[in-house]
Amino acid sequence: MSDNFTVLHRDASCGARLGSLKTLHGSIETPIFMPVGTNATVKAMTPEDLLAVNAQIILANTYHLYLRPGHCLIEKLGGLHRFMNWQRPILTDSGGFQVFSLGELRKISEEGVKFQSHIDGSSHFLTPELAVQIQQSLGADIIMCFDECPPATADYDYVKRSLELTTRWARRCKETHQREGQQLFGIIQGGMHYDLRARSLDEICTIGFDGYALGGLSVGEEKEQMYGVMEACAPLMPQDSPRYIMGIGSPEDLIEAVWHGYDMFDCVMPTRNARNGMLFTSQGRINIKAKPYEEDAGPLDPECGCHVCRNYSRAYLRHLYRAGEILASQLNTYHNLYYFLDLMRRAREAIRENRFTEFRRAFVVNHTCNQTAKGG
RNA sequence: GUGGCCAUGGUGAAGCGGUUAACACUUACGACUGUGACUCGUACAUACGAGGGUUCAAUCCCCUCUGGCCACC
1 MSDNFTVLHR
11 DASCGARLGS
21 LKTLHGSIET
31 PIFMPVGTNA
41 TVKAMTPEDL
51 LAVNAQIILA
61 NTYHLYLRPG
71 HCLIEKLGGL
81 HRFMNWQRPI
91 LTDSGGFQVF
101 SLGELRKISE
111 EGVKFQSHID
121 GSSHFLTPEL
131 AVQIQQSLGA
141 DIIMCFDECP
151 PATADYDYVK
161 RSLELTTRWA
171 RRCKETHQRE
181 GQQLFGIIQG
191 GMHYDLRARS
201 LDEICTIGFD
211 GYALGGLSVG
221 EEKEQMYGVM
231 EACAPLMPQD
241 SPRYIMGIGS
251 PEDLIEAVWH
261 GYDMFDCVMP
271 TRNARNGMLF
281 TSQGRINIKA
291 KPYEEDAGPL
301 DPECGCHVCR
311 NYSRAYLRHL
321 YRAGEILASQ
331 LNTYHNLYYF
341 LDLMRRAREA
351 IRENRFTEFR
361 RAFVVNHTCN
371 QTAKGG
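Take the first sequence: its letters are residues 1 to 376, numbered as in this note's numbering.
One or more hints might be untrue.
[Said to hold, decoys possible] So the derived label-pair ranges between C-beta atoms look like this: (1) Pro151 <-> Thr206: 22 to 30 Å; (2) Glu295 <-> Ser27: 42 to 50 Å; (3) Tyr227 <-> His9: 21 to 29 Å; (4) Pro151 <-> Lys76: 33 to 41 Å; (5) Lys223 <-> Arg352: 26 to 34 Å; (6) Glu295 <-> Lys76: 50 to 58 Å; (7) Ser313 <-> Arg179: 42 to 50 Å; (8) Arg352 <-> Gly305: 15 to 23 Å; (9) Cys205 <-> Pro151: 20 to 28 Å; (10) Ala52 <-> Glu222: 35 to 43 Å; (11) Ser27 <-> Tyr227: 27 to 35 Å; (12) Pro302 <-> Ser122: 46 to 54 Å.
In case anyone wonders, no lab produced these hints; they're calculated from the structure. Where a beta carbon is used, it is the ideal one built from N, C-alpha and C, also for glycine.
Required output: the full structure, derived from the provided sequences and hints.
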């Protein structure tokens, strides 16, 4: 139960719900997509751009900011919001995902994780206590427990022990956390095993947090497996707390998750793919560097109302990308984020009107027909 | 006119007698899910200026031609 979160409406046709999450920097409407800004910047976007695409809350990363420029410096300069000139809510990831993504550069023990900096190779020891302290220094509105995120290839026994460790770490995180007004979310692990997920859920919910996140998804498993876990966990998640699925996803994944009743999401897909020339449109994904767009004077997405689609042609975006221009990253990222955030806005609207199931059906049909729309 | 050097794919360029012609760029097409990411993957020379010769075998040696560069007259 969270005092900050209110479910405003439940769609009569499915698990989807409309909510409001109150934070120190204002309320956010859910379901919501949170752009990822690892290094205290959503790559290629100014905070002004973020406001223009209606970003309500963004992510930053504990591990990265701890290494550079250092959380103490950020605290000294007035906290993360002031440091990066973003006055809306911020959620910081704990560094748990780096336990997964840094692979060989880290070593896990009961006490914590020894990392080798990907920047200069220096050694660092991140513990649940330190992860919380760093996040308190940064001053995010929502912080995450330090967890272990095992890969999809991990066997049952490993996942079981990993989940138990994550529970013990969650307890330590909660005991350490004291910053007033700042919310602490717990993370559920358990891989693709429903019994382990149920157990993790039970343990994490028993400890009690301001919100609950599903971790360990999109780590190499099949899509069906991921959807299966989403479906299996949804009815077990606390009804009155925000439910967050970490690290997802594609537009299809988001629609699926919202349908099951999840509220918050984050993913590097719109930003990273934008920088690699892959753009999301109402007609499917398009690879802007492809030959067919060479002389295409039309807008990227004729149905999109964003600044990029209203002012620039596909031919120009293709040229910018191929020329390696900085503006390519900027315009592409702007559009992709607008697309994701607008998709969530439309989802909220559909939920409010009890037609989210229909919205989902239409979306799936449209996107399986135009999975890789090539032309205009 | 004489002497010397050089000619390898769209580009720059390795190889210098022996089965698949290195590498980079360009180009084409993919991928990307709590960012180690303007990144990564795959494909792309029936062919080494042209013709002839030596050799079991020639991009690699020899001759001629063609073209380019440099020096001298």
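Confirm or reject the claim that Ala52 and Glu222 have a C-beta distance inside 35 to 43 Å.
With a Cβ separation near 37 Å, Ala52 and Glu222 satisfy 35 to 43 Å, so the hint holds.
If I claimed the Cβ atoms of Tyr227 and His9 lie 21 to 29 Å apart, would that claim hold in this structure?
holds (24 Å)
Taking 42 to 50 Å as the stated bounds, is the beta-carbon spacing between Glu295 and Ser27 within them?
Cβ of Glu295 to Cβ of Ser27: about 46 Å, so the range 42 to 50 Å holds.
Beta-carbon spacing of Lys223 to Arg352 - inside the hinted bounds 26 to 34 Å or not
holds (28 Å)
Assessment of proposed distance window 46 to 54 Å (beta carbons of Pro302, Ser122):
holds (50 Å)
Outcome for the supplied range 15 to 23 Å, where the beta carbon pair is Arg352 and Gly305:
holds (20 Å)
Taking 22 to 30 Å as the stated bounds, is the beta-carbon spacing between Pro151 and Thr206 within them?
Once the Cβ atoms are compared, 27 Å apart, the range 22 to 30 Å for Thr206 and Pro151 holds.
Given a hinted range of 50 to 58 Å, is it respected by the beta-carbon distance of Glu295 and Lys76?
For Glu295 and Lys76 the Cβ distance comes to about 53 Å; the hint holds.
May I ask you to test the hint 27 to 35 Å on the CB atoms belonging to Ser27 and Tyr227?
Holds - the Cβ-Cβ distance for Ser27 and Tyr227, about 30 Å, lies within 27 to 35 Å.
Pro151 versus Lys76 beta-carbon gap, inside 33 to 41 Å or not:
holds (37 Å)
May I ask you to test the hint 42 to 50 Å on the CB atoms belonging to Ser313 and Arg179?
holds (48 Å)
Range hint 20 to 28 Å: satisfied by the CB atoms of Cys205 and Pro151?
Once the Cβ atoms are compared, 25 Å apart, the range 20 to 28 Å for Pro151 and Cys205 holds.
In the structure shown, no violation is registered for any of the earlier numbered hints.
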